[in-house]
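Line by line, the protein sequences give chains A and B.
Going by full-length UniProt numbering, the first sequence opens with residue 1, and the numbers climb by one from there.
Going by full-length UniProt numbering, the second sequence opens with residue 1, and the numbers climb by one from there.
Just so you know, the hints here were simulated from the structure itself, not pulled from any lab data.
Incorrect hints may have been included.
To be verified - To give an idea of the interface, some chain B residues facing chain A are shown, with a C-beta separation under 7 Å as derived from the structure:
1) V98
2) V101
3) A181
4) E183
5) N185
6) A264
7) L281
8) G415
9) A431
10) D438
Ideal Cβ positions, reconstructed from N, Cα and C, are used throughout, including at glycine.
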Amino acid sequence: MIALDEFAAAVGSQGPVTIAGLGTRGGAVPGVHTVTAPLGIDFVQADEMIVSCGAGTPVDELVAAMAAHGQTVCLPAGGTVGGALAVGHSDVRRLGYGPVRDTLLQARYVSAAGEIVKAGGPTVKNVSGFDLCRLLVGSYGTLGFLGEVVLRTRPLAKHSQWFVTDATDPYPVFAALYRPVSVLWDGRRVWSLLEGHPADVEAQATSAGLAPCGGPPVLPTGSRRSLSPTQLVELAGDFVAEIGVGIVHHAQPATQAAVGEREAALSRALRVRFDPAGRLNPGLGV
Amino acid sequence: MNRALVADLRTLLGDDRVRTNSTELGLYGRDASNIEGSAGVVCFPLTTEEVQGCVLACVRHRTAFVARGSGTGLAGGATPLDQAVVIALTKMNRMLSVDAVNRMAWVEPGVLNLDLTRSVAHLGLHFAPDPSSQQSCSIGGNVANNSGGPHCLSDGVTAAHVLGLEVVLSDGSVVLFGGEAPECNELDLRGAFVGSEGMFGIATKVLVRLTQNPPAVKTMLMDFTSVEAGAQTVSAIIADGMVPAALEMMDQLCVQAVEEYIHAGLPVHAAAVLLVEVAGLPHGLQADVDRIVEIGMAHGAGTVRIAKDEAERALLWKGRKNAFGAIARIKPNYYLHDTVVPRRMLPEVLRQVYEIVQRHDLLVMNVFHAGDGNLHPLLVFDKREPGVMDRVHAAGEEIVRASVAAGGVLSGEHGIGLEKRDFMSLMFAPADLAAQADMRAAFDPSGLANPFKVLPSPAACGDVQHVPEGAWV
Numbered sequence: 001m002i003a004l005d006e007f008a009a010a011v012g013s014q015g016p017v018t019i020a021g022l023g024t025r026g027g028a029v030p031g032v033h034t035v036t037a038p039l040g041i042d043f044v045q046a047d048e049m050i051v052s053c054g055a056g057t058p059v060d061e062l063v064a065a066m067a068a069h070g071q072t073v074c075l076p077a078g079g080t081v082g083g084a085l086a087v088g089h090s091d092v093r094r095l096g097y098g099p100v101r102d103t104l105l106q107a108r109y110v111s112a113a114g115e116i117v118k119a120g121g122p123t124v125k126n127v128s129g130f131d132l133c134r135l136l137v138g139s140y141g142t143l144g145f146l147g148e149v150v151l152r153t154r155p156l157a158k159h160s161q162w163f164v165t166d167a168t169d170p171y172p173v174f175a176a177l178y179r180p181v182s183v184l185w186d187g188r189r190v191w192s193l194l195e196g197h198p199a200d201v202e203a204q205a206t207s208a209g210l211a212p213c214g215g216p217p218v219l220p221t222g223s224r225r226s227l228s229p230t231q232l233v234e235l236a237g238d239f240v241a242e243i244g245v246g247i248v249h250h251a252q253p254a255t256q257a258a259v260g261e262r263e264a265a266l267s268r269a270l271r272v273r274f275d276p277a278g279r280l281n282p283g284l285g286v
Numbered sequence: 001m002n003r004a005l006v007a008d009l010r011t012l013l014g015d016d017r018v019r020t021n022s023t024e025l026g027l028y029g030r031d032a033s034n035i036e037g038s039a040g041v042v043c044f045p046l047t048t049e050e051v052q053g054c055v056l057a058c059v060r061h062r063t064a065f066v067a068r069g070s071g072t073g074l075a076g077g078a079t080p081l082d083q084a085v086v087i088a089l090t091k092m093n094r095m096l097s098v099d100a101v102n103r104m105a106w107v108e109p110g111v112l113n114l115d116l117t118r119s120v121a122h123l124g125l126h127f128a129p130d131p132s133s134q135q136s137c138s139i140g141g142n143v144a145n146n147s148g149g150p151h152c153l154s155d156g157v158t159a160a161h162v163l164g165l166e167v168v169l170s171d172g173s174v175v176l177f178g179g180e181a182p183e184c185n186e187l188d189l190r191g192a193f194v195g196s197e198g199m200f201g202i203a204t205k206v207l208v209r210l211t212q213n214p215p216a217v218k219t220m221l222m223d224f225t226s227v228e229a230g231a232q233t234v235s236a237i238i239a240d241g242m243v244p245a246a247l248e249m250m251d252q253l254c255v256q257a258v259e260e261y262i263h264a265g266l267p268v269h270a271a272a273v274l275l276v277e278v279a280g281l282p283h284g285l286q287a288d289v290d291r292i293v294e295i296g297m298a299h300g301a302g303t304v305r306i307a308k309d310e311a312e313r314a315l316l317w318k319g320r321k322n323a324f325g326a327i328a329r330i331k332p333n334y335y336l337h338d339t340v341v342p343r344r345m346l347p348e349v350l351r352q353v354y355e356i357v358q359r360h361d362l363l364v365m366n367v368f369h370a371g372d373g374n375l376h377p378l379l380v381f382d383k384r385e386p387g388v389m390d391r392v393h394a395a396g397e398e399i400v401r402a403s404v405a406a407g408g409v410l411s412g413e414h415g416i417g418l419e420k421r422d423f424m425s426l427m428f429a430p431a432d433l434a435a436q437a438d439m440r441a442a443f444d445p446s447g448l449a450n451p452f453k454v455l456p457s458p459a460a461c462g463d464v465q466h467v468p469e470g471a472w473v
């Protein structure tokens, strides 16, 4: 177990406080007392498919360490583990690997009162109590600052290959593939990431008319949109859409659709319960 | 029961769908656990608006309400206390829409788990969570309990397969959590709601993710001369980089009971049997089968039986999924437990389970999801024996304590409900429980949605503690 006492003391119980990682996903709130989470891997248990680490651990370092065990962690590259979880945005492998929120099994965080609080449990299967971990993922630190996390790992694929083909309609390719890890579409071409036994990957690619390529396309960074997968066919402009998921990387900026009034009020009620003074990452998380 | 409340409900739903006779109240006074509660009135709404009306009536009369699906829960989560209003969602059982291209479907909460899977089978799809009760449990119940099942090893439990929820909150408002769009700019209320055991509101529509059926499946049975060897095989398979579709274990007493029931030619002299299923594309599948057999043999597997066709595969699964039915041949009653331990601790915790049960002069059969360390010790007994329930409860408590002490958790898929409420402090400190109580208070400030479950006092913020018949304390 990673000692969190110093981290908790740094967060304290009064006054605005923000948490800094590597600044990859927006960074800390400027002009506010800044803390950093502990870093380092506590343990890797490959036969349990779990890893425990400090939230300040860089994702790339964790992924490299897990590779030595023949496993990986499904977090988007770059930045810290805590940052990836606090923002909660998946990468283009979400179709096959699932959303970031499914990766967090247990968290020990520092609350607005400066207390160390545990959410979830260390096993891959657990329904003991309410699922606070799901609320923490994507909360931008506004419910608590992650200190130590237990993450679900998965075996590294024996073989992994990106493919591409020309297609103005991505759905025939999408329908032809069995559990692809990723299917991306820019209106003219479809890219797909297939993993598994080399002979299966090759047979799948052949049946769907795909040619091997070096990797996914460069993703436009004007906006990250979240749409119903049914709306993707209506897209126009310079974009890369995640087929079967609904995430769109678009060159044009856009405002994210707002949630309903009552839903927003419920989120606010949760934030007020967890942080009555609004001291954690003030201004973040709408 | 408050007559004015019953009159309000009758105005809303009509006499037929508001039941107060003693037989029905008896039926709805409990779920599939051993815990008795008491229902004040049972109502059967057909629409979201009717659920909303029922909830508002309860709020007006300051009466607690309990959402109920098929009542197959094993932890008392749907057991009403103190004459609460039971809102039964069983008549809300329509499939609303299926999107075969993007593989998702909107369903009402009363749709049965297996009915959902059957209704999309022609599209080559299924709903991945598959509890042993899947023939009778409802999707709404699966959401409330974040249910699992054997195939959750590779595909994840219910939370990973629920994309959106329409929910009636305790103030009567109808909200949408999550939805077809994968990300929102807000807290993951959908994720928080799944597994909230009816204490955050009532789900009235569920958007589920559907999973592609595997092109090929192989199911095999391996037998071992010790439970340890079987458990070590499980760890070795996972450590080797494979995640089979399912990895189930049965011990000798269980295999014997099942064999007498289904006559599948199971190895009744083995100490433990592993049921392993791999699914996927043909080359990867064969490679996994070969490697799993190799690992099994290295750990002393006696025989390896690979199902030669779908009929044999179905027979092997019938044995596993109906194990609980087979038990009546040994003793008339059983108490099924549900804890999770790290896989590597399986041999040690199973050894303790046998020791505990023997000390309390009971019989135990183990049939469980070995792949994710999810133990299901099944204590079998005859409740007509004087004092036997005390021994059953004492042994159960020791099993829960042993599991948590081994680094495990209280429940893998049955939930906390009333059954394990007072064990929550084995796993969580007061500050941890206070955070969970804050979640509950934000979702349901009225405290009327299925009160007194999951959270032990004082985390339950002034909830009076009730100790119903059959609960462990």
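Going down the list of hints, with the structure as the test:
1. V98: 12 Å, violated
2. V101: 6 Å, holds
3. A181: This interface hint holds because 4 Å falls under the 7 Å limit.
4. E183: Where the cut-off is 7 Å and the nearest Cβ of chain A is about 4 Å from E183/B, the hint holds.
5. N185: 5 Å, holds
6. A264: 27 Å, violated
7. L281: 4 Å, holds
8. G415: With Cβ-Cβ at 5 Å, under 7 Å, it holds.
9. A431: A431/B check passes; min Cβ-Cβ to chain A is 5 Å, inside 7 Å.
10. D438: Since the shortest Cβ distance to chain A is 4 Å, the answer is holds.
Comparing the model with each numbered hint stated earlier shows that hints 1 and 6 do not hold.
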